[in-house]
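Protein chains in written order, with the numbering used here: chain A, 6 to 539; chain B, 286 to 659; chain C, 21 to 294; chain D, 3 to 455.
No wet-lab data here; the hints were simulated from the structure. Some clues are possibly wrong.
[What the hints assert, rightly or not] Among the chain A residues that face chain D by a calculated CB cut under 8 Å, a handful are: (1) S141; (2) H145; (3) S146; (4) K190; (5) Q194; (6) G195; (7) R212; (8) I367; (9) N379; (10) T496.
[Stated by the list, open to error] Only some residues are given here: those of chain B computed to face chain A with a beta carbon under 7 Å: (11) V430; (12) I448; (13) F454; (14) I577; (15) V607; (16) M612; (17) D614.
[Claimed, not checked] Calculated lysine to any residue pairs in the SDA-like style (CA-CA distance at most 20 Å, straight line): (18) K117/D with I611/B; (19) K247/D with D159/A; (20) K605/B with V97/D; (21) K239/D with A247/A; (22) K633/B with K100/C; (23) K100/C with K334/A; (24) K424/D with I611/B; (25) K334/A with F630/B; (26) K605/B with N143/D; (27) K140/A with I117/A; (28) K117/D with M612/B; (29) K135/C with N421/A; (30) K246/D with S209/A; (31) K140/A with G106/A; (32) K240/A with K239/D; (33) K65/C with L119/C; (34) K239/D with A153/A; (35) K239/D with D159/A; (36) K431/A with R527/A; (37) K247/D with P167/A; (38) K477/B with N143/D; (39) K135/C with A526/B; (40) K117/D with D388/B.
Ideal placement from N, C-alpha and C gives every residue a C-beta, glycine not left out.
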Amino acid sequence: MSTSKLLGRALFACFLLWAGDLLAQTEDAEAHQLLTVLAESSSTQKKAAVLQIAGSGDVRSRGWLESFANNKLGRIESSGQFIIVLENRGRNWTVESALTGENLGEISRRDIDTVRVNNALRNELEGILSVIDLKSPEEHSRLTAARALKGSVDGTLAERLPELMNDEKSDAVRAALTEALAIYKVEEQGDVAAVATLSGSLNSEARAALQQAMRSDDAALVAAATEAMASIEQKLTLNRAAETLYFGLSLGSVLVLAAIGLAITFGVMGVINMAHGELMMLGAYTTWGMQQLMPGQPGLALILSIPAGFLVAALAGVAIERTVIQHLKGRPLETLLATFGVSLILQQLVRTVISPLNRTVITPDWMSGSVMINEALSLTLNRLYVIGFALVVFAGLMLIMRKTRLGLEVRAVTQNRAMARSMGIKATKVDILTFALGSGVAGLAGVALSQITNVGPNLGQAYIIDSFMVVVFGGVGNLWGTLLAGMALGTINQLLEPWAGAVLAKILVLVFIILFIQKRPRGLFPQKGRAAEG
Amino acid sequence: MWLTRPLQERSTRIFLGVLFAALAIVSVLHVFMPQDSALYVSAYTVTLLGKYLCYALLAVAVDLVWGYLGILSLGHGAFFALGGYAMGMYLMRQIGDRGVYGDPILPDFMVFLNWQELPWYWLGFDMAWFAFIMVLLAPGLLALVFGFLAFRSRVTGVYLSIITQALTFALMLAFFRNEMGFGGNNGLTDFKDILGFDLRTDATRLGLFIATGIALAIGYVICRGIVTSKLGRVSVACRDAEARTRFLGYRVERVQLFVFVVSAMLAGVAGALYVPQVGIINPSEFSPLFSIEIVVWVALGGRATLYGAVIGAILVNYGKTVFTGIMPDAWLFALGGLFVLVTVFLPKGIAGLLFKPGKSRDASNTPSAQEAAA
Amino acid sequence: MSIFQELTNRDQVFEFLTPATSPVDVRHGPILYLEDVNVSFDGFKAINNLNLTIDDGELRCIIGPNGAGKTTMMDIITGKTRPDTGSVWFGSRHNLLTLSEPDIASLGIGRKFQKPTVFEALTVFENLELAMAADKRVFPTLTALMKPEYRERIDEVLEMIGLKELHHALAGILSHGQKQWLEIGMLLMQKPRLLLVDEPVAGMTEQEMERTAELLISLAGKQSVVVVEHDMGFVRSIARKVTVLHQGSVLAEGSMDQVSNHPDVIKVYLGEEA
Amino acid sequence: MQKRVALLTNGATHSNAKDDEMSIKKHVKLGLSALALSISFNSVAAEDPIRVGILHSLSGTMAISESTLKDTMLMLIEKQNEAGGVLGRQLEPVVVDPASNWPLFAEKARELLAKEKVDVIFGNWTSVSRKSVLPVIEELNGLLFYPVQYEGEESSQNVFYTGAAPNQQAIPAVDYLMNDIGVERWVLAGTDYVYPRTTNKILETYLKDKGVAAEDIMVNYTPFGHSNWQAIVSDIKAFGGAGKKTAVVSTINGDANVPFYRELGNQGIDAADIPVVAFSVGEQELSGIDTGPLVGHLAAWNYFMSVESDANYDFIDAWVAHTGNEEAVTNDPMEAHYIGFNMYIEAVKKAGTADVDAVKDAIIGVSVPNLTGGFATMMPNHHITKPVLIGEIQDNGQFSVVWETPSTVAGDAWSDFLPGSKDLISDWRKPLFCGNFNVVSGTCGAQANVANK
């Protein structure tokens, strides 16, 4: 609890800061003095310096503290002038004066001493800023601030919280504050009444408080705490189960995305496209490229990369179909070898043309973080989007295959090439389109993956085998099979992982597939009839 | 007798002649040429050639199942690696107390992960004969079980290829795990000696090289014996018209199983000879990529010829040795391009270029001819 | 000697002594009979309550429009397709539904496919060699040697199917008709008790057809032969008893004249022509 | 081109002046100590160059990390040659590509020593590749400088370990977390291979010695390139939710890190709640990550690009000039090569020859400047002295140093926290001349026997 104690002192200071009429400008000399202390004192004394600045009541203090927290507060060696770093990439940094705020342009890194910060201090600063935010006009930041308080309330704050709650309009915030206060009471005062408020709370600090209470020697408290704990544990196990399921589905959706394009090229055309993974890679790189093209708006770039990624991969697909696959009609095993060669070439191409290093793909704000169902169960946003995306893509493909002319022709050609031809269907055209479609979908998968994993030359290899497993397991040439198989394998894997560990889980899934194929050589949903024989 | 039959056919005699001549020349140049002479073959080259021969044997094994039985195995690397591990375990035990921790029983990696006693599956590997039997048995059994399941339920073609890939992939993940007790990613290494011969002496290297050459010869004759026997013709029948073969009363799945197991054992032997020469065995030998590469050697050399497989294996790996030196980037392009070109434009491979098309099964082994020779 | 004699005489009694080529027991009734057989693919009823009996040594022709279920019926008899319901017996002792293709084949049922399937990568000679009745387990096959009597038998058949001079050619280069013959030859090598012949004369010249007809007739008696054929002329030339299949069940059965005057048959065929 | 040469030369003169005066000081010291027995024997004709083998993967999975080390070596050699080489001989790089294939490493090492006849090899990254070349190097009596932090438990008379041993990275980092952050609960997460396994074994013992209860330690291993971290991260979250301050000690390797940090960020674990200290995440890895959500997470290295020292600034300038890329980053293994290379040069000067055995003797005790403003000395166990720095990730993909060891730490070949090796020491000076001397039994292990053959 050491941190919260320290934080306590910080908070105390902040309340002084509220009490006194704020926002007077201290003399620059004085300000300079304050910062010098901060800059020159050792990391242990820095805390004191921080409190001083917070206490100074200077308008600029908040700005200083923030930039300090972000490692952006520095000093020019030569002049000793304090600066705030605006841009700190490369060897020359753009800075502005900390006191006057005037822009000082670019200064070589060599002349800048940044004021060192570390996590301990950052905790302090967050505490301070959050308490200041308790007064902020927007409910959202008040709520986060209130949540942040849980487990770090101290005597001083505890006295002020009730009055704060009274003039608090939002119930959510008030609830959070009440819990924060209750935690404090249970922890520090062993208040039995407060235990009731905590019962059923999923907040980890609350749990910690209760556990501590259970260790106390006050029988009544122990009893109450134990009871409260029981109710919490129950809730937790439920949430755990829900979470695992969610993990399973999200992994499944990734598998489905990776495999569904293959289900088209492999399942419908009988082409074993080992370069499928690299087509995904292209999609991912497209996303990166788009983000490079429009710096500053990763979100838009990402959305635009959905069509772009599809297009790029599709075109690549057409190229592969024309140059390689069309020469290998009815020789599936040979397509495997040839396309494997293609995959090697594509990988090396990316390595030499772009870089062997992974590329940074930025996650837009609306995709990072998670939606909090409750304090024990929150669904990560990027995966949520991926699940949705997978389902949309699947639905789209279903439509194309079932409702459009292309879909009809594709099915015709796959059932009986000669017959379809004689009915005036251009088989070659259909082949190209089908393969382009499958490849394009792979591109889409790549766009999605860029938000989950590395964007690098090896992205493809990581998924190709899994994708084949999914398709084969689901039953070749059956989209529903692919969907079901992907989701099933994903969930099985996640169910196994807790007790088998990540590696063993994967192995077990593979073995399971191998055995399953023995039982049902044509997967979950096999194609029946004389066509499928032979 | 099916094993001696190949010795009467021209192609085999030529092959063996070339092989043994090469062995002899290399040995002579290595032993009798002065170090500085241009003709001198260094120990480094000898080991390199030894490695190629291991790959060649592996390729022959793959050609046997793919070329003559039509089973495209993308998991033969697994059998190769298993043989290698069996040998590696023997070599590990041979180190004895000369490991860095001087532990008489436990290999080093077990000591610093403080394992207390040797896992049961390591027992017996201190005895050469046991290890050498395991070299055949481990891959053989895996092939037997896997093949039995697969062929019984008539998993063929693409499906088979993909589950063989799953098989080797699963094994790779398994061997990466340190709990398995096979040294995890580091695998087995720092071998000292084999059958009492110090692995660091050139004499031992030459010995291993020659042994590999002989193994290749024997392997080749066995495969040749099978494919020129009636069983070989039944295999081809299975490859081209499985159903028809069944209606003739042949148990296709048993034919497939037999040939598959033989091939797996040959791969195991190749692996076992590979390990002492390169000095390390680790899970990367299980990687699906490697298994696919093997198939490409065969495709390049020419399917269903056996000697084509040998040519392909040696050519590709020689190219690798050369190109990774001078142009590392270009190498992957070259390899990839090779895959595409061969499969698209050279379905018969180099053998198909060298000899008249349609002779992939040379007429010299029609029964009448053999009996005439016999 | 006399004892041996006796044994050989009594091998009708001791069933374990029946010849390996075909242990089928035809003393009580027909050599093959199908009862209430049903098969459906994805809901489509390929075979619908099919009942059929073939007597020992009979030559039976089966005709019927496309999709009548002729080939599917053969698949069932040879074990390639398992019916949903019904029973199929070979002689009175062998329930074919419990046996695999190789078992059925070695029991003595030979099949010639609609589309001639020979082993194109093997020579004509080797094709026949593989078909030859012999121990077909793995190791015997591995160590098998070409005995003179085998070669004689193969040469016989080569003569019979007129491919003598082509015996070293790869089967792949044969003409359609020659492949038909080769496949028939392979049937003969098998020494089957029951031959299932699917469209034997497709792609054959007139005189080839005649020879085929002679061959099949000559086979009948020693073996039972079931011929599926479209070519009415050919059927007429060999037919004793004809069965008409339609929509997976027997529409009519009897002599060629009987069936060709059968009203349903006429309807079906005219219906088809129109 | 002009500009680049200019940069390089003045860079070169800079540090070389330093090197020389330093080495003089050193020589005096060494004179006293009994180390400098070596006198140069058959000194080679001055004209033929010293051949420097470079054994780093330029293709395959490890190319990402290793190719930059190849360029570093080329740069260092170029600089040295412009400064007149050593002993009046130029240095000649011999580059081969082991293609991230472990058996190939052994093969290429043999090629370098037997065919190319190189005097020294700089190379390897992964432990398995080092293990694979080790027998070859020892058999052919070569010299190998190995620049990457590794699991220790090895000391070969032919190998010089210029990267960190566990006691130069892991243990100080844990100390920092324990004392400065007040961490009481530990997650040891790593990729399942020998380096994390060993490091975590050591840390486990170390923590338990420090009185950490077994239930406060959670160990987890994942395969290479693991990408689905959901379950594990949520376990960590739960584990950290028990009230005590928790930290993750990550030995997660390369590609697996991006999805790992992403998942951390998305599940709302930030450095303030559960700091992650990584041993395998450097500037180069960060260059492939969106560092926004990572700010404040830690890494322990012996060098950061952000270190504020002139030597470092010169090095960075030279590197940027060499690669011609303004954004080019430097990292710890590059510094290790920088140190190793300079040590080799010093040793050759001292021995007056490039002869392997002479250099082996001469190099022990040699001390050269590192890039963090201090000096690195080659110890008798063939490991070097290094400062240990803890850095926090910043949003610009750099680390800001928040803590460093008061003085440099000497690398320990045999960890004191592993039962197998606590009694072992390594000292390659005569008379002991043993890589794994057992102080209890007073005997030397296998390596010496082989060496003495």
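Enumerate the violated hints, using their earlier numbering and listing them in ascending order.
Per hint list: 1, 2, 3, 4, 5, 6, 9, 10, 11, 15, 16, 22, 23, 24, 26, 27, 31, 33, 35, 36, 37, 40 violated.
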